[in-house]
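Whenever a hint applies, use it, and build me the whole structure from the sequences.
Residue numbers (the working numbering), protein chains in the order written: chain F, 1 to 375; chain D, 1 to 272; chain L, 1 to 309; chain G, 1 to 670.
Honestly, the hints are just simulated from the structure, not real lab data. Among the clues, some could well be false.
[Stated by the list, open to error] Rough simulated footprint, nothing fancy, chain F against chain D, three-plus residues with beta-carbon under 8 Å:
id, region
1, 82-91
2, 95-107
3, 120-129
4, 141-154
Backbone N, C-alpha and C fix where the C-beta goes; we use that ideal spot for every residue, glycine too.
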Amino acid sequence: MLYREAGQFKTSYAADMAVFPIRQDRIALGVVLAVAYLLVPLLDLLHVWPFGSDYLLRAILVPFLILSLGAIGVNILMGYCGQISLGSGAFMAIGAYSAYKFGTGVHLPLEWLGTAISIPPLPVLPSILLGGLMAAVVGILFGIPSLRIKGLYLAVATLAAQFFFDWVFIRVKWFTNYTPSGSVNAPELKFFGLLVESPIERYLLCLVFVTVFAVIAKNLVRGNLGRQWMAMRDMDIAAELMGIRPLYAKLTAFAVSSFIVGVAGSLWAFVYLGSWEPLAFNIDRSFQLLFMVIIGGLGSILGSFLGAAFILILPILLDQVPHALGVPVSVETVSLSVLIITGALICYLLIVEPLGFARLWSIGKEKLRLWPYPY
Amino acid sequence: MKADVEPRPGAASLKEAGEVLLSVEGVSLSFGGVRALRDVSFDIRKGEIRAIIGPNGAGKTSMLNVINGFYHPQQGVITFKGKRRHDMRPYLAASQGIARTFQNVALFKGMSTLDNIMTGRTLKMRRGILAQAIYWGVSQREEIRHREAVEHIIDFLEIKHIRKTPVGKLPYGLQKRVELGRALATEPDLLLLDEPMAGMNLEEKQDMSRFILTVNDTFSTTIALIEHDMGVVMDLSDRVVVLDYGQKIADGRPDEVQKDQKVIDAYLGIPH
Amino acid sequence: MEVFGQVLEVLIGGLLSGVLYSLVALGFVLIFKASGVFNFAQGAMVLLAGLALVRSLDFLAARGAPVWAAVILGLVFAGVIMAVTAWLVERFVLGPLVNQDGLTLFMSTIGATFVLEGASQMIFGSDVYPLRLFPTDAWFLFESVFPGGILVNKLDVWGGLIAGVLVAGLAIFFQSTKTGRALRAVADDHAAAQSVGIPISWIWFVVWLVAGLVALVAATVWGTKLGVQFSITFLALKALPVLIIGGFTSVPGAIVGGLIVGAGEKLAEVYLGPHMGGGIEYWFAYVLALAVLLVRPQGLFGERLIERI
Amino acid sequence: MDGTSPSRTAPAASSVGVLDTIPKLLLRNAAQYGGRPAMRHKDFGIWQTWTWSRLKDEVRTLAIGLRKLGLERGDKVAIIGDNRPRLYATFTAVQSLGAIPVPVYQDAVADEMAYVLEHAEARLAVVEDQEQVDKVISIADRLPRLARVVYDEERGLADYDHERLHSYVRVLELGREEMRANAGAEGWWLDEIGKGKGADVSVMLYTSGTTGRPKGVMLTYDNIIMSARNANTFDGFGPDDLLLAYLPMAWVGDHIFSYGQAYAGAMCVCCPESPETVVEDRREIGPTYFFAPPRVFENLLTQIMVRMEDAGSLKKRMFHYFLGVARRCGEDILNGKPVSAQDRLLYRLGNLFVYAPLRNRMGFSRTRVAYTAGEAIGPELFQFYRSLGVNLKQLYGQTEASVYITMQPDGEVYPDTVGKPAPDVEIRIADSGEVLFKSPGVFLKYYKNDEATQATKTADGWVHTGDAGFFDQRGHLKIIDRAKDVGRLNNGALFAPKYLENRIKFYPEVREAVAFGQGHDYVTMFINIDLTSVGNWAERNNVSYASYQELAAHPQVYDIVARRVDELNKALSAEPQMAASQIRRFLILHKELDADDGELTRTLKVRRSFIAERYAPLITALYSGSETCHVRTEVTFEDGRKGIAEGDVRIVDMPTYPAQSLEPVREAAE
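The structure is reproduced here in structure tokens:
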């Protein structure tokens, strides 16, 4: 209905292969970005509702952005390459703790070599990226089994990662710089000399990260590598007979996915939590990301955002709405009903629309494009 | 457009001259107790269309799987382009120039016709992961270059109208065509076609025959195909090898094979 | 001698607790064998069964019912609950997903897990409820042989016995009952099973019911061990490596796997733990499983599959 | 995407003197609009674009290449294939050498093609692909003059004998080699162009004549360029306009629109990927100028309706509601007539929800002008598109006129006329009622067929269209029938049966009609009611009936039809030429006219003479003044059995109206 595609013809492959080939979509995207980058800060500056308090920024937008980033990472592995992962929490943790170590300075005594690796504290940005890198390395390590084992068996391998690293960060004090409590504090967030403190600054920081990585992810999945991943997902044998190297395809998927998840992890720790314990990245986190991807839509960058939004908003709604209606609901009931609803929704989506919200979205879009025709 | 599937006079004899591209010597393959292939030997010459026929369960598909390294025979030697080939992962076979279509279509269901065929270019794409992450610049140029190549295949196979349709939505005949396109995209020296015309109507078969012949003519691609439709086999192929119960029972020109008593028996299911 | 005794003690303890893992793992195997579904919800089912049992016991006890009656009624009640659950799951989750690929089914059971966890606690409450069906004190064996003897938990022994009975029962059920054989048929190929006229929905119901009952049994033992509480669901996660090692489709595999895991992690905890900051039983089983996978992708007892195209 | 600038100026019409040939126009466009798109072709998935300068280079190289193949001034070159830039370029290349392109219908069977190529004495054939090559080769022995064949699509032609066969690309290479070898080549080419004059023959178009062999219509550059210029100024076409070239290149329409007008106005011509993808491609391009015969618009409409059938009930209701709004005020808004504020608002809404999306789906979002011609287009069909905001207009033309004879100016669009005389066109109505015209577009002559030329073209340059028509008082031409079918009443007034029949058939209640009057004093009519629509009416008004015959004889049905006939008479009385043709008496036939009974042709045209003699008694009754007439006819049923339909048929007298205005028609022509 809103689409006017007549006359939007492509005279070059570049234009034909663009991410948003339709003008109306480009406009929509522009609007979204404008809101995110300009309107939100402006409203916050003016303390206009809903920015009267920084609740919206602190408790919703920032975690939303970071988890969306995480979901994008998981989606690359699960949605595009078809390798199930139940250990994403661990990879967030790896990102977080590596970033923490790099941020606070690494000192690794190697007595038996009579030497020691020690790196001075790095600035935040490199630490975060290095955090991602470490996650990527470990990701590749735990991806290796995927060359021999498939499906459920692989899921178990990723679980192994989850439990192993839960344990590592609890028990290996070196990672927490031997803090007695085991909880650690993020270094102060300095980027190129300017300090990121207030919620809005944190929000913008996350926004930048998410934008950059979303673009990178999109570029990868629409290119040669993305096609290799999807080929492995859809028909791995045929893919290999086309000359796609499973080793390369799968491990790159693990690496990229873990990298993004790792960065998300370090953001979660540094920007959202500020100070945290290993519990912040336990298996529940893994499932949270998993659900975001399933509900949002396997194999869709957009879906990652939708899923993150849903999983994040649901409990808040279940908590707020009854209050608004004057029906007092215990915290426990809320958390339990969240469990039930998410679980039920998963089953429902798997049955009626395995590709989640993203698919529903694109169906709606198709309808608008075909309007007034039904098909 | 009418498909010309008349056997081209002299073409076959002319190809006898072509040197051996791939030879299979004494190949035996078995799964647990089941013996899929027993001591099979034959060769495929450059530029010819070689048909592999035989009753169901004769081991035809297993033979193709052996040729492109998906199965590893317990005994036997495979020589490709004059080099003796050791057991290898299938993707290596592909990188050496062996492409393949499948008995029951094995397309990437989640992707469009265009993307499916683009995957065939993987081996030819060099850009590293970083370049691809940035996309604009070298990577985009590479994508465009290969898109052009693929568009020529799409044009050749007359599937312009379904360029951007998800292959899952396509009718069977078109899926087969897309699969052929995907194989062609790898610019193979040896093209293995596993029942390229199974389940097609007459018109589709004629089109497919036309494509196969044109591929063979214009790109002088060597083709080995499994096919049940005898008419098609006789029209298309220069030489035919016949398998039965995993054994080679005949090998030669279509007309010769057609007369061979063993072959007739095999097809009539006469025990031996 | 001293050391040997210690080892023996640890080993026995490990093996017995391993049996308890097997109890949970059995539920997985049953459902996987019969429906090709990897039932992540098994742990949640143990929780549900446990809660149903313990709450009804408390209820009846409060009404001054005699213990034996309370126990029987409680078990019956819990059994009914499991039956209802089985029906619901089949009707609303698996039924519509028949013939889907394993991963989808797996994820659907994850969904089911959350629903069950939420619902069960919402209905029966979410505290820790102690359960006292079996003695929890310990024997000291071979005190003559080893100084201090070898400590063996009676509960673990009970668990072992029950597990034994259960396995025997299941073996009979699978081999020599019509439904049992039908179950195996379904596992091989849904479509085929349907075509030969086996009512798949019924089969699945039965399987989930059986698995539910197994869960109930497991709940009685584990409930006594830990008290019935949410954390019991993590048993599911404990059972995973057991399955990997034993293979998804083999009942004996589940037992053996359980033993290996149980013994392995106890030994590791006792003899490696101290050097590694302890608590390694938390992940040991998994790493063990992973190691097994790398050697035998189909697990120790799983059948090898030939890929075709 | 397409580098258009806001400027919308047709190239100055003053330079006719110098720009008197197409090749010269090409040079002008290359110089003036060099960077702008001249042609687009959906090929390999994207719209490959040729700028004017690119096109010029192509044409030059090709021309020089063709010269190397021995193409001489005055030679005829057959061009066969679907619309594609390379073939259009061939036209210009050929013309630049002073040779004459002869486009041939690509779907013509070998035999027809043989006739044309033989008659035109083509020395060279430039064809699209293997299919056409095969055709030409199959008839080669009948074409001694045909020296060489050039093909565009190489596929499948690899192992053909290339002695007299050349690929288009090869010809280009020849051209390039020559230009490398000989620096003067380009200059020579420009000189060749310089030699061309407006009076030269630019193209020969073979009219697929309904009777007899096709005739080769020779059009000069002046013919084409002047008609094109006039048409462009008439609708203000210029360099910013796009049009989709999808109709046969051998058809004069395409030659004028996609070639003449495109060159004259430096418009961009877009060629579809393949005949199957025209609709899709049209949507992508969104042409600003679109031509199609009525049936295309009819199919489009049916498609829309069929698709909307499957829409949800709510959407359907909205859709039909807004179509209603459009029917009420759409056209007035398009014609800039005053419309109530409320309707304007509703139309805005409708535009948002229905019209604009529909235009978008059909690819008309950017269409400023759409033309239809060829046959009469139903008024409701015509008005449907106009009410949606598509500026659909009618024109009346012929190959012999370089298309344009009459056109509908914006704001003066009436479904029942074909418009006013096109710029510089004079029209005369012969006493016979035949339409004659005189214009700069008038063809030179038929190739090698002087007698036909004389028959069609008078010494003083008037051309017989073969159509009968007249001007209504708005000065708009109405085409009523083929001239040969038009007769006279005894009082000498014009009698055009088909015109009357078509008019009455526009009413849904009337299925078929046969008008009589030739050699009588007044006009009478047989009428077949439309069983479905009248049947619906009967159900709504619970009128019970057992058979067509019974329903047809029903007095209320007679009343309805009488009312329609009366409306028609009123309308006719307003048309000076037709006032005399008001229907004095009519009857409703007791049976449906049926092809099985030989009353209709298989293409469902009425077989007048056959009916006249079969129902002679009825006709006598119509002119005898009797009130009823008994009739008995043999009928053939579906299953082939024969039966008898018998009954009394009532005859109704109709009042007629005095002709309203009688100003002489001639003036309207000026």
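If any of the earlier hints don't hold here, list their numbers in rising order. When the structure is compared with the hints, none of them turns out to be violated.
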